[in-house]
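Chains as they are written, first to last, in numbering that gives the first Met the number 0: chain B, 0 to 458; chain W, 0 to 458.
Worth flagging that the hints you see were computed from the coordinates, not collected in a lab. These numbers come from a predicted model, not from an experiment. Hints are not guaranteed to be accurate.
Note that identical chains are pooled: a pair holds if it fits in a single copy or bridges any two copies.
[As the list claims (entries may be wrong)] Taking lysine-lysine and the DSS-like style, the derived pairs with C-alpha atoms no more than 25 Å apart in a straight line are:
#	residue 1	residue 2
1	K211	K151
2	K20	K38
3	K186	K38
4	K426	K359
5	K174	K20
6	K174	K151
Protein chains: 2
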Amino acid sequence: MTKRQVDVFELSAGYVSRLRKAIAKEDKEFILRTLKGVKAADVSEVLEELDGEECRYILQLLDVEVGAQVIRDIDEDERGDFLELFSPEELSPFIDELDSDDAVDILQQLGVRAREQVISLLKEDEQAAYVMDLLRYGEDCAGGLMAKELIKVNLNWTVVRSIEEIRRQAEDVDKVYTLYVVDDYDKLLGRVSLKRIILASDQTLISEIYEKDILSVETFMDQEEVASIMQKYDLEVIPVVNVRGMLAGRITVDDIIDVITEKAEEDRQIMAGISEDVQEDDSVWVLSRARLPWLMIGMIGGVIAANFMGLFDGDISQIPALATFVPLITATGGNVGLQSSSLVLQSLANPSVIEDSLWKRLFKTLTVAILNGSVLAGFVFLFNWLSAGGDPQGMKIAVTVSTALFSVVMLASTMGTVTPIVMDRLKINPALASGPFITIVNDLLGLGVYFGVAHLVFY
Amino acid sequence: MTKRQVDVFELSAGYVSRLRKAIAKEDKEFILRTLKGVKAADVSEVLEELDGEECRYILQLLDVEVGAQVIRDIDEDERGDFLELFSPEELSPFIDELDSDDAVDILQQLGVRAREQVISLLKEDEQAAYVMDLLRYGEDCAGGLMAKELIKVNLNWTVVRSIEEIRRQAEDVDKVYTLYVVDDYDKLLGRVSLKRIILASDQTLISEIYEKDILSVETFMDQEEVASIMQKYDLEVIPVVNVRGMLAGRITVDDIIDVITEKAEEDRQIMAGISEDVQEDDSVWVLSRARLPWLMIGMIGGVIAANFMGLFDGDISQIPALATFVPLITATGGNVGLQSSSLVLQSLANPSVIEDSLWKRLFKTLTVAILNGSVLAGFVFLFNWLSAGGDPQGMKIAVTVSTALFSVVMLASTMGTVTPIVMDRLKINPALASGPFITIVNDLLGLGVYFGVAHLVFY
Numbered sequence: 000m001t002k003r004q005v006d007v008f009e010l011s012a013g014y015v016s017r018l019r020k021a022i023a024k025e026d027k028e029f030i031l032r033t034l035k036g037v038k039a040a041d042v043s044e045v046l047e048e049l050d051g052e053e054c055r056y057i058l059q060l061l062d063v064e065v066g067a068q069v070i071r072d073i074d075e076d077e078r079g080d081f082l083e084l085f086s087p088e089e090l091s092p093f094i095d096e097l098d099s100d101d102a103v104d105i106l107q108q109l110g111v112r113a114r115e116q117v118i119s120l121l122k123e124d125e126q127a128a129y130v131m132d133l134l135r136y137g138e139d140c141a142g143g144l145m146a147k148e149l150i151k152v153n154l155n156w157t158v159v160r161s162i163e164e165i166r167r168q169a170e171d172v173d174k175v176y177t178l179y180v181v182d183d184y185d186k187l188l189g190r191v192s193l194k195r196i197i198l199a200s201d202q203t204l205i206s207e208i209y210e211k212d213i214l215s216v217e218t219f220m221d222q223e224e225v226a227s228i229m230q231k232y233d234l235e236v237i238p239v240v241n242v243r244g245m246l247a248g249r250i251t252v253d254d255i256i257d258v259i260t261e262k263a264e265e266d267r268q269i270m271a272g273i274s275e276d277v278q279e280d281d282s283v284w285v286l287s288r289a290r291l292p293w294l295m296i297g298m299i300g301g302v303i304a305a306n307f308m309g310l311f312d313g314d315i316s317q318i319p320a321l322a323t324f325v326p327l328i329t330a331t332g333g334n335v336g337l338q339s340s341s342l343v344l345q346s347l348a349n350p351s352v353i354e355d356s357l358w359k360r361l362f363k364t365l366t367v368a369i370l371n372g373s374v375l376a377g378f379v380f381l382f383n384w385l386s387a388g389g390d391p392q393g394m395k396i397a398v399t400v401s402t403a404l405f406s407v408v409m410l411a412s413t414m415g416t417v418t419p420i421v422m423d424r425l426k427i428n429p430a431l432a433s434g435p436f437i438t439i440v441n442d443l444l445g446l447g448v449y450f451g452v453a454h455l456v457f458y
Numbered sequence: 000m001t002k003r004q005v006d007v008f009e010l011s012a013g014y015v016s017r018l019r020k021a022i023a024k025e026d027k028e029f030i031l032r033t034l035k036g037v038k039a040a041d042v043s044e045v046l047e048e049l050d051g052e053e054c055r056y057i058l059q060l061l062d063v064e065v066g067a068q069v070i071r072d073i074d075e076d077e078r079g080d081f082l083e084l085f086s087p088e089e090l091s092p093f094i095d096e097l098d099s100d101d102a103v104d105i106l107q108q109l110g111v112r113a114r115e116q117v118i119s120l121l122k123e124d125e126q127a128a129y130v131m132d133l134l135r136y137g138e139d140c141a142g143g144l145m146a147k148e149l150i151k152v153n154l155n156w157t158v159v160r161s162i163e164e165i166r167r168q169a170e171d172v173d174k175v176y177t178l179y180v181v182d183d184y185d186k187l188l189g190r191v192s193l194k195r196i197i198l199a200s201d202q203t204l205i206s207e208i209y210e211k212d213i214l215s216v217e218t219f220m221d222q223e224e225v226a227s228i229m230q231k232y233d234l235e236v237i238p239v240v241n242v243r244g245m246l247a248g249r250i251t252v253d254d255i256i257d258v259i260t261e262k263a264e265e266d267r268q269i270m271a272g273i274s275e276d277v278q279e280d281d282s283v284w285v286l287s288r289a290r291l292p293w294l295m296i297g298m299i300g301g302v303i304a305a306n307f308m309g310l311f312d313g314d315i316s317q318i319p320a321l322a323t324f325v326p327l328i329t330a331t332g333g334n335v336g337l338q339s340s341s342l343v344l345q346s347l348a349n350p351s352v353i354e355d356s357l358w359k360r361l362f363k364t365l366t367v368a369i370l371n372g373s374v375l376a377g378f379v380f381l382f383n384w385l386s387a388g389g390d391p392q393g394m395k396i397a398v399t400v401s402t403a404l405f406s407v408v409m410l411a412s413t414m415g416t417v418t419p420i421v422m423d424r425l426k427i428n429p430a431l432a433s434g435p436f437i438t439i440v441n442d443l444l445g446l447g448v449y450f451g452v453a454h455l456v457f458y
């Protein structure tokens, strides 16, 4: 995107500090001159560099449409605190302006009292009715994602009557992808594209030109399932129906992209052992708070491992070389476990309609583990054997290490494959099976196997 | 999505085996009866369960529009081999049928000779011109993502002339989101929505009703940048212009969703140390081949660690308790490093326009590390101190372990933060900084620090 094409707002650190000075001096002229006409998404980026009160000041100056979009764009985790700076009287114009799905997202972050007050102050009865309807849906289902703004036409209408309806709703429904065709009871029957409307003659009946083949989702469907349907069939929008088949709202693709990106980020954080939704530019305190829990769990695991190894300190004392291979064992277990769980997570995210049975997948996992384990154990054995140069203790170490390594690969593969599957069936986020938790368990199992084998070989 | 709404094709293992028998017996009647009228995305799911020759047989039987979509849906990595089963004469009807962006994706997977033959056999000159134009763009830029099918209207046309254009292109341009407004030299000037066209009167000029404010991207822009622009501004479609500002094509949101999902999967695989794009249901051989490289590197790292620790085997022999804390040290280093690199990766993926300087970020990282390191080292010290019960050797171990733990947290944080940033600046995928590579380096550094501190404390 270049400046030739469009007036792109150029954001820089210099501008931000001038803006802050302008806010402090209440220099409205500067603010309006530089920000008026700038796209909401760009204004949002500027506001990310300011604190809450500064943002509030700016939003009160700009057009209410821009302000509404900016509030909508603010990251959900930070928005709760930000909204508390506004009184219900100040918030309701923004809520009037937004599409019902975005309005509801914001209302859900208010305390119940503030929410009721904002709703009571809404200028448009229709918007009030919309948000009260949508508020009853949980956040993570189709009903929680959908907006009520859409254009529906009756099966028996003519094209010219439908165009009247488009005109009537032109202001409220910003992006019209398709018209939904319903019967007298609002039951969804099909769709008709604007292209068809344009090309048809005025008196044609909708019933003659509409497309009966229409995909829809029900209000209670999980949001990630909605996302996968829209992705699979390449849809920009999908209608939502209630249990009686009546048209309840529509979900647009921009919300789905958000669902997909949030899920990917959430999973990545879980796999890294970060327990809250934080970013690098959060405060030191917030970052520590999000990172410590898993680190503490890892530390407890390490202390347990130390106690466990302590049982073998006689062996370690006599054969210190035994101890030197512990990092190899635990690191290999960790890497194998991570690979296995990552593959399973990928499968769970993109389920093929026909899944191999659990036994079949386990069997394949073990086969791959046998292959990989043999290669790794083989190389390590070769290395140790050559270093030992015939020394019997060295040979015993070679056998111990390679046997344990092979077993650890088998164990870690199995754990790494089975744990996410089991968690998924128990409705726990399977990404928890990756990362620090699995590595601790693998470490302890690996050490157990290693010293167990050592005992067998040496005694 | 329920069967009440639409005739959803129900896929089951039983059906697949009956289908395979039908193919073997060339029972065309069964195949057409069960698959005719089924959506292409669902047919693709069926075909995923069949082998190449079986797929080819079915595609030859179904409508060419369905066949074209199915070929388009096949995973890119598997499609190359699949396309080799078709002769140029068999392929060109599908290429005729597809939108130019999808047609080019497929043509790029053919050998040059086959590609030229297919193009020469295309029935439509326009399609041939389109694909030859698009073939010169690299795959990962806007030019490689775009399609040439779009509807453009001249600034000086009337609404009724524009509707004529829509009618003329109705078959070729399946989804019309918006009309692009150009001048006599094809330079992009703006856009006008179908909604506006519908509501305007016939003789209104486009110049009176079009929207000048239009976002566009240039043909050479990186695909991930295009994706982030479309996501930021909530666009379903974006026009692509060449260096002279002339309209060259358009990119639709379904392609962007694919870019986003592929990137997330690619990163996840890299972080797990899987070196190829594999899935759980690939063959044992393919899976092993993708997993072994990193496991071998990890193994080499473990052997290096063993040799390194071997330098201290005198210490270990005398004070075996020292060795028992090695898993704690390496595990903590691993967890901390993973958290740090994960946060940086997230930042790199969603760059704020104004980035804190590198020094500032490093400073914050170290502050968080000091905080976390102190907490962890503190707890471990407490635990060891209590277990030691006054024993001087136990006290020394407590001091050694906690000092080393604290240092390891600092080191791993720094490594985990700096490495992805450095790699990103060197244009290497920073996700490589996570996963097995970083854990090996952290392990070695951690062991070095640990035994170094032990020497200081004990001697």
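To see whether the hints hold, each was checked on the structure:
With identical chains, the CA atoms of K211 and K151 are at most 25 Å apart within one copy only, with a shortest distance of 14 Å there and 29 Å across copies. Taking CA atoms no more than 25 Å apart as the test, K20 paired with K38 passes inside one copy only; the shortest distance there is 22 Å, against 59 Å between copies. For a Cα distance limit of 25 Å, the shortest separation of K186 from K38 across copies, 23 Å, qualifies, whereas the shortest one inside one copy, 38 Å, does not. Taking the shortest alpha-carbon separations for K426 and K359, only the intra-copy value of 22 Å comes in at or below 25 Å, while the best inter-copy value is 41 Å.
In this homomeric assembly, K174 and K20 never come within 25 Å of each other (Cα to Cα): the closest approach is 38 Å inside a single copy and 48 Å across copies. In this assembly of identical chains, K174 and K151 lie within 25 Å of each other by CA distance both inside one copy and across copies; the values are 14 Å within and 19 Å between.
In the structure shown, a violation is registered for the earlier hint numbered 5 alone.
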